[in-house]
Amino acid sequence: MTEQHAIEMVVNGVTYARKVEARLLLVDFLRDTLGLTGTHIGCEHGVCGACTVIVNGASARSCLCFAVQADGAVIETVEGLGSVDDLDPVQQAFRVHHALQCGFCTPGMLMTTIDLLRKCPSATDDDIRNGLSGNLCRCTGYDNIVRAVRAMAGERRE
Amino acid sequence: MTKFGIGQSVPRKEDPRLLTGRGRFVDDRNLPDQLHAHILRSPHAHARIARLDVGGARSAAGVVAVATGADLAADGIGGPPCVFMPEDSPPGYAPPYPALAQGRVRHVGEGIAMVVAETANEAADAAEEIVVEYEPLPVVVGPESAVMPGAPQLWDRAPGNVSFTWQAGDASAVAEALAGAARIIHLEEDNNRVVISAIEPRAALGDHDSQSERGTLYIGSQMPHPIKDDLGVAFGLPADRFRVVVEDVGGGFGAKNATYPEYVLVLWAARKLARPVKWCASRAEAFLSDYHGRANRTTFDLALDEEGRFLGLEVDVLADLGAYVSSRGAVSPIFNQTALAGPYTTPAIHVRVRGVFTNTVPTDVYRGAGRPEAIYGLERLIDLAAAELGLDRVDLRRRNLIAPESFPYETPLGLIYDSGQFADNLDAGLARADWDGFAARRAAAEQRGRLRGIGFTNYVERCGAGVTQGAELRIAADGRAEVLIGTMSNGQGHETAYAQVVAELLGLDLDSVSVVEGDTDRVAEGEGTGGSRSIPLGGAAISLAADEVIDKARRIAAHLMEAAPADIEFTGGRFAIAGTDRHRSWTEIAAAAHDPSRLPADIAPGLDGAGEFVPPNHTFPAGCHVCEVEIDPETGGLQIVAYTIVHDFGRLLNPMLLAGQVHGGVVQGLGQAAFEHTAYGTDGQLLAGSWMDYCLPRADDLPAIGFTSRPTPCPSNPLGFKGCGEAGAAGSPPALANAVMDAVAPYGVRHIDLPLTPERIWRAIGRGT
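Chains A and B, in that order, give the protein sequences.
According to this note's numbering, the first sequence is numbered sequentially starting from 7.
According to this note's numbering, the second sequence is numbered sequentially starting from 37.
A few of these clues could be false.
Cβ-Cβ distance ranges computed for the label pairs, FRET-style [to be verified]:
(1) B:A110 x A:G41: 54 to 62 Å
(2) B:V430 x A:N62: 52 to 60 Å
(3) A:Y22 x B:E180: 53 to 61 Å
(4) B:V552 x A:A28: 42 to 50 Å
(5) A:T8 x B:D276: 40 to 48 Å
(6) A:D132 x B:Q189: 36 to 44 Å
These aren't lab readings, by the way, just hints derived from the structure by calculation.
Backbone N, C-alpha and C define an ideal beta-carbon position, used for all residues, glycine too.
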C-alpha cells in the first residue's frame, strides 16, 4: 500500500520530482506535497469543481486524478496566475464585478474560466453559463461570475 | 461622502488574496508535529451498540490513539451544549449530546469512535479495523411520523418525541376570527429539509499548550466567541481556557454557527496527546454531520371576510430537530415566527410550534432561520385564498397591506415596524417584472408547447436586534486605524465594508484601515455573524467607537493649538479651529496622541475608542420578488426564466456587495424550492448523500437576477442600514412556488410541496398517473 512511485510534473512552469503513494490524489499532491493550497477540495467526487486545474491544456478535476496519472503532465493552478499586487485580467475582472464572496470555489472558477475563454474567446452568456455549470458556487448565485466572464469575452470580441 | 466611504461600490480588500490562492482556510493550515483524526460514524439510524472493539485499530500502522464515548465520559468531557431552549411551561428538553455516542446511536453519521494517526490515510485505514456490533432499533423519520401514536421513541424524557411546545399570539382571538370568517383557507405544507452545503467542508485543528493549559481551536466558523463559551461548557472549564481562531471561511449560511462534536474531539485529543490534531470532513461526512436546515411540516388556516380582508391566522408547526438539539437548534423553529405577520394587517395570529426528535441529522439555523419558512407558508396561503375566493392575487394583497401612514405599527406577534412602503415596493416589483406584459409571454410560450407562470411575494423581515454589538477602534501613531469586532465574515466582505465605515467617519483611505475578526484572544467579545445583523449593528458600533476617537482627538487638537475643544471642527480629515485656517492633520494628531510629552496631564496616551450599540429596535428590510417560469408538460422540466427583486434595505453601505448578498440569497432560496431534496429512506438512511444525488443550483439553471434598491430611511439604525443577508433566501421560495402553481393551474393543481422537482410537477399535472 505504501509503495512509492517516482513522478515528475511541471506545475506553473516549475518542474517537481517526487515519490508518492499510488493512491495520492493529484489535488492532495498539489496541496500537501507541493504546498500549493490555492487549489481547494470541495467534494472529492468530481461534482463541485473547486479543485479544477488545467492539465496539459484542458481543465480537469484534480480530485478525480491520481498524482501518478499526472506523471509527465504540465499543470496550471491558481498560483500561476497574477500575484496579489499584479492580478491578471481574469482575476481583475472577478474583483471588479464582485464575482467572489467566500472565495473558496474561486480558484476552480478561475481555472475553468481561463479554459473556457481559451476555447471560446468570445463566449455568449449561454456559453458562459454552460461553461461554468460544472463549478458550484454557493455564495454569489453566479450572476456576478457571469458578468465577469462576459466582460472578458466582450473585451476579446472587440 | 469620501471616495471609499459609505455608498461606494468599492472592490474588496479581501479579494487579492482569495483570487491568487493565498486565502487561508482551515485545511490550508498545518502545525508542526500535527496528527490527523478520523471519525467512525454510525451506519444505523437507531441502534444499541452491543459491542465496540477498537483493539484492531489501536495496533494499526501509524495510529497514536483511538477513543470512544466511554473514554470521553471517563474524562468528564461532554459535547455541544444546547444554548437556546424555550423555558415556558412545560420547559423544553435538550438531551445530553456527547461528542461520541455512548451505548446508543440515533442518526446515521453519529460519531462512534475517533482514530488519531500520523496521517489522515492511516487514521481512515485503521477505522476499518474497528468492530462494532449494532442491535438495530425501530426508526422514525419525518416530523409527522415522530408524533404518531406508537412512534419509536428517541428519548425517555421526551414522551411522544416532543422536545418542546412553544406558542405565541392570541389563540382565542384567532379562534374567534375563524368562527366568524366568510372563508377559511387551509394549507398543509413541507418546508423541505436542506443540506446547507457550504463549498468548504468543515474542518477543525486543535492545539493545546501545556504551559498555559489552554486549547486553541482553528475552525471555519461564523461564531468564534459563542463557540469558545460552548467549549468551556463541554469541558467543564472556564471559557478563557480556550481560544478560537477563524481565518478565511468558505461559506457558512448558518451551518457554521454551531459548536460541533468534532471541535470538542480535536481539542481533547490534542490535550491528551500533547500534539496538534486536525480533522477535515469529507463531503460524505459533511452530508451526515453538518447540521441541516428548515425541515418543518406546518398547517395554516387563514380567516377572511367577504371582501378578502385577513381576519386571523392559525399556524401549527412541527419542527424536525433531528436526533439531538444542536447548540442553536431551537432558534429557527421559534425565533422568527414573527415573520408570519408579513406586511399585512392581519389582526390576530397564533402559532404553536412543537420541536420533535427524529432519527436524522440534527437541524440548526439556515439562511433566514425561520423567516423563509413563515413567509413561504403565508405567501402560498394568500395565493390559494385568491384562487378560492376568485380574487386577483395582487388586489387581495393590496387590500391587506399596512399603509405607510400606519407606522409605528405593532403586529399581533409583538414586533413594532418602524417604517416601510410596502405597497410601493409591490407596485415597483410588478412594474420592473412587466407584470402587465405577462399574458403575451404566456401566449408565446403556449405556442412553443410550454406552460408559463408568474408568481410574486411581498415580505418584510426583522433583522438586527436582540444582541448588543461592540466594536473597538485603535489608531496607531502613523494614523492608521484598526477595527476589532466580534462579528465574523464568511464571504460577506467585512474587511471592506467596515473599512468603508471608518474611511467615511475618519476621512481615511481604505488602505489605512484594517479589520480584525476571528480571534477570541484579540477581540474581547462577540456574537458572531448571523441574522443579517453584522452591517447594521457592526456599523453602528464602529460609529460609536469613532465618536469616542474623534472626541479625544479634538481635545488633543485643542491642546496643541491652545484652543477650546468646543471650537475644534473635524472635517475633511483635519482638525481646525472654527472660523480660522489654523488646523492639525489627522496624522499629526495621531502622532501627538502617542507622545506623552505633547499631551496634557488629563489625557492618557493613545487614541482608541470603543462602541457598544444596543439596538433600540429591529431593522425591517422589505421587498417584492417576482419570478417567472416555464414548464415542459411532457417532462415536468422547470426553467426559471426571469427573476426580479425590488427591495428596501435602507441606506446602502456598498451597493455592489449588497447586490451580491441578494443574488446569493435568491439562488439559495431557488435551490431549496426547486432543486434540493434531502431524501431520507424510512430506515433513516440519507439517500441524497452526495452532490451527485443532492442537486444544488448551477449557473445554467438560473436566469440573470434583476435587483433594484428602493431605500426608505431606517429610524432605528444610526447609519440607516437594514440587514440584507437573508432577504433573498426568504423571498424566493414562495415567489417560485407561486409561479409554478400559476403555470400548472390549468391542470387543477392546488399545491405541490417543495422541492418542485420535474418528477413532482409531472405527477401533479397527471402525466405520472
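The hints, checked one at a time:
1. The beta-carbon spacing between A110 (chain B) and G41 (chain A), approximately 39 Å, falls outside the hinted interval of 54 to 62 Å.
2. A C-beta distance of roughly 57 Å is found between V430 (chain B) and N62 (chain A), which places it inside the suggested range of 52 to 60 Å.
3. One distance hint, 53 to 61 Å for the beta-carbon pair Y22 (chain A) and E180 (chain B), holds here, with the actual separation near 57 Å.
4. Our hint of 42 to 50 Å for V552 (chain B) and A28 (chain A) holds, since their Cβ atoms are close to 44 Å apart.
5. The beta-carbon spacing between T8 (chain A) and D276 (chain B), approximately 43 Å, falls within the hinted interval of 40 to 48 Å.
6. A hinted range of 36 to 44 Å for the beta carbons of D132 (chain A) and Q189 (chain B) is inconsistent with their spacing of about 54 Å.
The structure does not agree with the numbered hints 1, 6 stated previously, though it agrees with the rest.
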